[in-house]
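Here the structure of chain L is known, so what remains is to put chain A in place on it, guided by the hints.
There are 2 protein chains.
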Amino acid sequence: MEVSNKYITIKTHIEGAPKETDFELKTAAITLSVEPGSNDVIVKSLYVSIDPYQLNRMKSYSSSHKATVAAAPITPAEAIDAFGVAKVVVSGNPEFQKDELVVGSISWGEYKLVKGGDRLRKLDPMGFPLSYHAGILGFSGLTAYAGFFEICKPKKGEKVFVSAASGSVGNLVGQYAKLFGCYVVGSAGSKEKIALLKEKLGFDDAFNYKEETDLKATLKRYFPEGIDIYFDNVGAEMQEAAVANMNIFGRVAVCGIISEYTNSGRRAAPEMLDIVYKRIRIQGFLSVDHFDVYGDFISTTCDHLRAGKIHPLEDISSGVESIPSAFIGLFQGHNVGKKMVQIAEE
Amino acid sequence: MEVSNKYITIKTHIEGAPKETDFELKTAAITLSVEPGSNDVIVKSLYVSIDPYQLNRMKSYSSSHKATVAAAPITPAEAIDAFGVAKVVVSGNPEFQKDELVVGSISWGEYKLVKGGDRLRKLDPMGFPLSYHAGILGFSGLTAYAGFFEICKPKKGEKVFVSAASGSVGNLVGQYAKLFGCYVVGSAGSKEKIALLKEKLGFDDAFNYKEETDLKATLKRYFPEGIDIYFDNVGAEMQEAAVANMNIFGRVAVCGIISEYTNSGRRAAPEMLDIVYKRIRIQGFLSVDHFDVYGDFISTTCDHLRAGKIHPLEDISSGVESIPSAFIGLFQGHNVGKKMVQIAEE
Numbered sequence: 000m001e002v003s004n005k006y007i008t009i010k011t012h013i014e015g016a017p018k019e020t021d022f023e024l025k026t027a028a029i030t031l032s033v034e035p036g037s038n039d040v041i042v043k044s045l046y047v048s049i050d051p052y053q054l055n056r057m058k059s060y061s062s063s064h065k066a067t068v069a070a071a072p073i074t075p076a077e078a079i080d081a082f083g084v085a086k087v088v089v090s091g092n093p094e095f096q097k098d099e100l101v102v103g104s105i106s107w108g109e110y111k112l113v114k115g116g117d118r119l120r121k122l123d124p125m126g127f128p129l130s131y132h133a134g135i136l137g138f139s140g141l142t143a144y145a146g147f148f149e150i151c152k153p154k155k156g157e158k159v160f161v162s163a164a165s166g167s168v169g170n171l172v173g174q175y176a177k178l179f180g181c182y183v184v185g186s187a188g189s190k191e192k193i194a195l196l197k198e199k200l201g202f203d204d205a206f207n208y209k210e211e212t213d214l215k216a217t218l219k220r221y222f223p224e225g226i227d228i229y230f231d232n233v234g235a236e237m238q239e240a241a242v243a244n245m246n247i248f249g250r251v252a253v254c255g256i257i258s259e260y261t262n263s264g265r266r267a268a269p270e271m272l273d274i275v276y277k278r279i280r281i282q283g284f285l286s287v288d289h290f291d292v293y294g295d296f297i298s299t300t301c302d303h304l305r306a307g308k309i310h311p312l313e314d315i316s317s318g319v320e321s322i323p324s325a326f327i328g329l330f331q332g333h334n335v336g337k338k339m340v341q342i343a344e345e
Numbered sequence: 000m001e002v003s004n005k006y007i008t009i010k011t012h013i014e015g016a017p018k019e020t021d022f023e024l025k026t027a028a029i030t031l032s033v034e035p036g037s038n039d040v041i042v043k044s045l046y047v048s049i050d051p052y053q054l055n056r057m058k059s060y061s062s063s064h065k066a067t068v069a070a071a072p073i074t075p076a077e078a079i080d081a082f083g084v085a086k087v088v089v090s091g092n093p094e095f096q097k098d099e100l101v102v103g104s105i106s107w108g109e110y111k112l113v114k115g116g117d118r119l120r121k122l123d124p125m126g127f128p129l130s131y132h133a134g135i136l137g138f139s140g141l142t143a144y145a146g147f148f149e150i151c152k153p154k155k156g157e158k159v160f161v162s163a164a165s166g167s168v169g170n171l172v173g174q175y176a177k178l179f180g181c182y183v184v185g186s187a188g189s190k191e192k193i194a195l196l197k198e199k200l201g202f203d204d205a206f207n208y209k210e211e212t213d214l215k216a217t218l219k220r221y222f223p224e225g226i227d228i229y230f231d232n233v234g235a236e237m238q239e240a241a242v243a244n245m246n247i248f249g250r251v252a253v254c255g256i257i258s259e260y261t262n263s264g265r266r267a268a269p270e271m272l273d274i275v276y277k278r279i280r281i282q283g284f285l286s287v288d289h290f291d292v293y294g295d296f297i298s299t300t301c302d303h304l305r306a307g308k309i310h311p312l313e314d315i316s317s318g319v320e321s322i323p324s325a326f327i328g329l330f331q332g333h334n335v336g337k338k339m340v341q342i343a344e345e
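Residue numbers (numbering that gives the first Met the number 0), protein chains in the order written: chain L, 0 to 345; chain A, 0 to 345.
Next up, chain L with everything else stripped away, as it sits in the complex (with noise of 0.2 Å):
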């Protein structure tokens, strides 16, 4: 049996930000069957997550991109792969049944041939929307939940700034440190985002980077007693001014610069000094790195969603052909929460 399989590509490596005409939707017939004993899977998708990094992945250089899996270099032409859930329609692999839910590296598409089943994983919904294991239960939330507590390493009491603090990560992090007992402040693009941080997210303060032209003073203001933690999601300027306010032993993690992603020319340039005689650190972290903490990750944030505490805060558009817009639209600050494209109903 065969189905067509519409799926978006790269025309060519990118530079700057991306733009739809960067994007191609491709259809192609795919086999709904596996060579027996292959251990193949084909899997099709429910939920795309939509995540700034893969940018990274679009540009034709790579210095960085070799260093990590996850950051592998993307071929133009070819199917995207990308973390998401999804179900599975014929399967080779003595791990995987027809129609059992999966979640773990699918694709930009609404099928998939999963070699071997790599990087797959049976997915027990617990009771959640099957969204939630495509954001905050997935890799957003396990970057959020280790980048605050195993980088940023707080104490109860410290003054915590977010920044892109409505974004998929940044909310979750502000939210985490509101639950751990830290002061949070979060800046974001708007006034509507702002609005939510405060109002529904429990954020204690919020600012629109956009209205202010000094970020140092900004920082000052709302930090009068200074920072002790900043988690980075978007380098330049804002990562300046967060040194620059931070108190001694302060703790930067760099979560994405998603500023820099698509402007290479913009650079933190943090004042030296400060990062010498108040101890700074600014590490750089990548979720993969902390599988370790996994199991912690999800028993704490199920037990926030179950008892209300934490509130997914979900983007979901529809359909494959909306996938260039959803991710078009991160460096342009249209999403709130966590971008995801709902590809077929369950």
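Source of the hints: derived by calculation from the structure; they are not laboratory data.
Note that the list lumps identical chains together, so a pair holds whenever it fits in one copy or between two copies.
Cut-off 20 Å, straight-line C-alpha distance, at most; resulting in silico cross-link-like pairs (SDA-like, lysine to any residue):
| id | residue 1 | residue 2 |
| --- | --- | --- |
| 1 | Lys190 | Glu210 |
| 2 | Lys58 | Ala243 |
| 3 | Lys121 | Gly91 |
| 4 | Lys199 | Asp314 |
| 5 | Lys215 | Ser263 |
| 6 | Lys215 | Arg266 |
| 7 | Lys152 | Phe248 |
| 8 | Lys152 | Asp288 |
| 9 | Lys25 | Ser324 |
| 10 | Lys308 | Phe148 |
For chain A alone, coordinates are given in the frame of chain L:
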């Protein structure tokens, strides 16, 4: 009894590189007596340490300075406190007796009245020259030891890069790293310094940064397998080049940034994509936070010294009058190893 006390002051706060006219040699009478029961001590300087960080204390702005006692601002026309070795001349403090040797906070001058005997401790030379206690067995040594072992957390066989490698701290970091079992390359600013690093101090390799035009390419040449640890004494372009050549989980210990001290416009802007994907940690530190390893530092270093495995690299001038030029020379690369000034014979 009164004696004449010569000491160095700054005339005004200093901007940019220090020059002879920024300093003044003053002479004042000092009475060699203390109030009974005051705990005060008068010491006569023997060796004073000449350190680049003092320049930061001489500047008029002081964002970072308040973060630590060691970096408290220096007031024009007043005596300048500095680390060194001295002899007790008069003591009202039961802890210190006349003619005993002490080490700690003395001054860029011949005599100092130390209120309460604060920040002084008795010195047992342990059979070593007194100058060692102002250098390799003093703060320079502790900075190298704690920075390398506590901040860099080395593993045997790792590849270590040290900048300003013939400086007071850098030369020791390289020697500790070699003794620990790392591969070590240093950078310095003259042919003579390079020869010294390779031939006398046992560095695996070394290069003259003044002869290089593309530091990224230079480090690629010296570290074809990448850098695991960068001990940063200079900041700016060198830090950027080191980060670009770093392996995953690389560590940058920021000890000092001498190239930025005299030019506040120079800034390191390391590629944050590298920081994230390679999970790099950049961490500032001060030796004063690491007294917990002081015992280990002293016993390890004394053992190495007695076994002839570590070489104290000292650069000693003579007389209070020579302090300004000794200090200015630090920023021109004149010193080879630990710069200090001998103020008096024991």
